[in-house]
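Chemist: Read off the chains here:
Protein chains: 2
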Amino acid sequence: MLRKINLTEKFSLINETWSPKIAGQVNDCHVKLAKIKGEFVWHSHESQDEMFLVVSGEMELQTRDRSLILTSGEFVIVPKGVEHRPVALEETCIMLFEPLETVNTGDVEDSHTQKDLEWI
Amino acid sequence: MLRKINLTEKFSLINETWSPKIAGQVNDCHVKLAKIKGEFVWHSHESQDEMFLVVSGEMELQTRDRSLILTSGEFVIVPKGVEHRPVALEETCIMLFEPLETVNTGDVEDSHTQKDLEWI
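Going down the list, the protein sequences come from chains A and B. The opening residue of the first sequence carries number 1 in the UniProt record's numbering; numbering runs sequentially from there. The opening residue of the second sequence carries number 1 in the UniProt record's numbering; numbering runs sequentially from there.
Since the hints were made in silico from the structure, they are not lab data. Among the hints, a few may not be true.
Claimed, not checked - Across the chosen pairs, the derived CB separations fall in these ranges:
#1 A:T8 with B:K4: 45 to 53 Å
#2 B:D107 with A:V108: 15 to 23 Å
#3 B:L117 with A:S67: 46 to 54 Å
#4 A:R64 with B:K115: 34 to 42 Å
#5 B:S111 with A:L13: 21 to 29 Å
#6 B:E16 with A:G38: 37 to 45 Å
#7 A:K4 with B:E9: 35 to 43 Å
Claimed, not checked - A few chain B positions that, by computed beta-carbon distances, are all more than 12 Å from chain A:
#8 N27
#9 V41
#10 D65
#11 K115
In this text, a Cβ means the ideal position worked out from N, Cα and C, and glycines have one as well.
Work out the full structure: start from the sequences and follow the hints.
Modeler: Given below as structure tokens:
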């Protein structure tokens with residue numbers, strides 16, 4: 001029941017970008033791992049905050065009025081309702097922390113939308 | 001409102017061991033940062049899972065029937081109700097993820113118990 005998750009090992013199993021996998025559950029939140037590259041779709045989550053921790057690479061977290069550059073060992077929490085878009089120029093590994101019901105594209109449904117995520 | 005947290009920077013501000021600080025809130029969970037060294041007290045959290053991510057150093061997570069060694073970039077989720085004890089031979093930096101109401105020593109009250117944690 002108690003399992004150790006090695007982030008480097010898990011990321012090596014992920015081949016696609018923008019396809020988050022579930023690496024753990026803490027109460028009613030999922031820990032997700034994703035590789036990202038390029039621009040994601042603008043979206044917001046009506047009632048869920050979302051945490052992005054950069055494990056390797058560099059991510060730009062854009063909101064409509066500002067932008068933050070995050071590198072390895074940095075995180076940001078996007079409050080519920082705030083429209084945002086992650087962008088990565090190079091392949092970047094991120095850990096996400098968000099409620100079980102969070103869908104990656106929030107209020108938007110497009111080609112990036114992923115439901116019923118796999119565990120890794 | 002949107003702030004970037006750099007883990008190295010935040011850990012450099014922590015001088016005591018076993019004194020977790022709050023670095024963020026994601027919905028009803030806190031992201032906490034702590035430096036640990038030595039043996040903590042055996043305890044459990046009746047209704048809260050707890051996530052430990054090692055950022056630097058090495059932590060042994062003991063339960064009554066097994067033990068896991070975690071180094072940088074590794075995490076474990078201790079399910080609610082499981083008695084556990086973190087141990088670190090050298091000073092180790094960890095990130096914790098747990099519900100707002102979680103107290104570090106769970107069902108035990110001793111000299112390690114910390115309530116009303118500071119934000120960092």
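Chemist: Is it the case that B:V41 keeps its Cβ farther than 12 Å from each residue Cβ in chain A?
Modeler: holds, 19 Å
Chemist: Could you see if the CB distance from B:D107 to A:V108 stays within 15 to 23 Å?
Modeler: violated, 44 Å
Chemist: Range first: 46 to 54 Å. Now tell me if the beta carbons of B:L117 and A:S67 are that far apart.
Modeler: About 30 Å separates the Cβ atoms of B:L117 and A:S67, which means 46 to 54 Å is violated.
Chemist: A:T8 and B:K4, beta-carbon distance inside 45 to 53 Å?
Modeler: violated, 23 Å
Chemist: Within 35 to 43 Å: is that where the Cβ-Cβ distance between A:K4 and B:E9 falls?
Modeler: violated, 27 Å
Chemist: Per the hint of 37 to 45 Å, is the separation of the Cβ atoms of B:E16 and A:G38 within bounds?
Modeler: Holds, at about 43 Å.
Chemist: Within 34 to 42 Å: is that where the Cβ-Cβ distance between A:R64 and B:K115 falls?
Modeler: holds, 38 Å
Chemist: Verify this label for me: B:D65 is non-interface relative to chain A, using a Cβ-Cβ cutoff of 12 Å.
Modeler: violated, 9 Å
Chemist: Has the hinted range 21 to 29 Å been met by the Cβ atoms of B:S111 and A:L13?
Modeler: violated, 43 Å
Chemist: Verify that the Cβ of B:K115 lies farther than 12 Å from every Cβ atom of chain A, and report whether the claim holds or is violated.
Modeler: holds, 20 Å
Chemist: Take a quick look at B:N27 and tell me if its Cβ sits farther than 12 Å from every Cβ on chain A, holds or violated.
Modeler: Nearest chain A Cβ is 5 Å from B:N27, so the label is violated.
Against the hints set out earlier in the document, violations occur for numbers 1, 2, 3, 5, 7, 8, 10.
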